[in-house]
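Visitor: Each chain, written out:
Protein chains: 2
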Amino acid sequence: MVNTNKNIKHDILKILYQAKADTVSGVRLSDSLDISRVAVWKHITALKQTGFEIESCPKGYALLNPDDLLLPFCFSSEFKTNIFHFQELESTMDKARAIAKKDAPHLSVVIAENQTTGRGRLNRKWFSSKGGLWFTLILKPDTPPPLAYIYNFAASLSLSTSLKRLFDVNVSVKWPNDLLLNDKKLVGLLSEMETRGDMVEFVNIGIGINVNNQPQKYEPKAVSLKDVLGKPVSRKLILETFLHDFKSRIQVIDCHKIIDLWKEQTSTIGSRVRIETLKDMHEGLAVDVDETGALMLQDSTGEIKKIIYGDCFHT
Amino acid sequence: MVNTNKNIKHDILKILYQAKADTVSGVRLSDSLDISRVAVWKHITALKQTGFEIESCPKGYALLNPDDLLLPFCFSSEFKTNIFHFQELESTMDKARAIAKKDAPHLSVVIAENQTTGRGRLNRKWFSSKGGLWFTLILKPDTPPPLAYIYNFAASLSLSTSLKRLFDVNVSVKWPNDLLLNDKKLVGLLSEMETRGDMVEFVNIGIGINVNNQPQKYEPKAVSLKDVLGKPVSRKLILETFLHDFKSRIQVIDCHKIIDLWKEQTSTIGSRVRIETLKDMHEGLAVDVDETGALMLQDSTGEIKKIIYGDCFHT
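Protein chains in written order, with the UniProt record's numbering: chain A, 1 to 315; chain F, 1 to 315.
Derived by calculation from the structure, the hints in this document are not laboratory data. Hints may be right or wrong, so weigh each one.
All copies of an identical chain are treated as equivalent in the list; a pair is satisfied when it fits inside any one copy or across any two copies.
To be verified - Straight-line distance between alpha carbons at most 25 Å, and here's what the computed PhoX-like set of lysine-lysine pairs gives: (1) LYS42 to LYS9; (2) LYS125 to LYS305; (3) LYS140 to LYS279; (4) LYS279 to LYS257.
Treat the numbers as computed from the prediction; the structure is a model and nothing was measured.
Input sequences plus hints: build the corresponding full structure.
Guide: The following block contains the structure:
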């Protein structure tokens, strides 16, 4: 029964999506789905309540912003079977971990319209207000754990490349792997993994992009694409463009090449930075990133330190 | 009922252990445990069947090799609550993973007298014949994933140090972290981990030591301590000595110091080696190991390559 309901809702969304922003009459929906017009109305009401933006008018129903819908059927056949979409999750990371342990294929994507307890690095809260693009990639590469770091760099590189190409914005990657726009945080990345017998079982990379959401007062260093571009943009376009770029980029892993390309897009090298680890704090001039992704930091005495992890602040 | 039986067997073993190799009469066991002599006999028979070496004689029962017993009560109070001992497991790695996800404390130890499907690196079969020391350490350190590698080096260093001190044997550590004796494999290490929110959830380090077992014909490059020393030795002494050394070594993590000490004990540096990865093969002279545990390999043209993972063969 639940599944039937879910399928009918899914079918309604698909019909509305295929009509783009055009209005679809209740009669057409009723006929197509072989349900009463009252049932159509009930399903539409329920869909609206769960967050789908549907306009009701005397002529019928229309999907607002169809280009922003993130349901599997919106994606090309290359990706649509790997998309897991949820209106609300506690966290895409937790859901992705559970799905990865089952039979999710390599390069699956877990999307939530809203996260109630989104997580950032070091278990900080990650704000996930409506309109942002919040997803976790599930990767199951034939990779030993010491090479897993490269997927984070590949993901931030692909995102940076995709956003530049789509919107001509001057984004930069911040070491180790967030994205900045106008020196403010546009994208946060967080990765988790499980290894087994010296091989990676899965690497999950959580990605939060401020797209059409409005960063809150308590996120003064965050910026959204909508803010900068002055108009909302399609999250689906961003995700699909990113997936294409990322998929081709990781087909053959060449760490040197990925790090070299990443370095071309980073604003960290050449900046004065403060790196905070669990136990230490380092300050200095970021002079390079080596082929393993470690940051080379020159302190006030001129000495070069190699920093392999930490939270980075451009000062 | 099962628990009661288990506790009585446990109590019998404890009484026999405390008597060291002395014979304990059936009457004394019967009185101490408030069970019939027939019940004592039945429990002893069951214990023998599950692999405990108990001698029955007209005067009673005696534990053979009490110094080799690995039950929790054999260990000092510092460790005994963290010991999980099994007569037989499919693999200590799999059991440790399950226990780590529950509430096993940091520095727990999962021991099996026998593994039916022991795993080595790259999912190779690891032979675990009776008499060897097969265990997995469960570590739950406050450590970010890029630093997890140091625990493997700390473990091989502590093992090498402990075995040298106990038996004055010329063991060496092979990059990345097995132990050799007379150029044959004495110890194999295998680590697995789970990370969450950019922090390590657990690192499990599986350790297999050929102690009193006889490496088989299909392990021509393996050697056991018993072979080399010409007599069996106490596995419990090895494990407890190692745990003491390892625990103090990881109280404050200093990667440079651990790698420096490890380098003093390695036979890899200065050797010609072949490194096999999933996709490549590298040959050359191992000239150094850097502070992140990567091997510096000089090829025939004199060029130095940095190798961050792989199976290593001294050629």
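Visitor: Looking back at the hints listed earlier, which ones does the structure fail to meet?
Guide: 2
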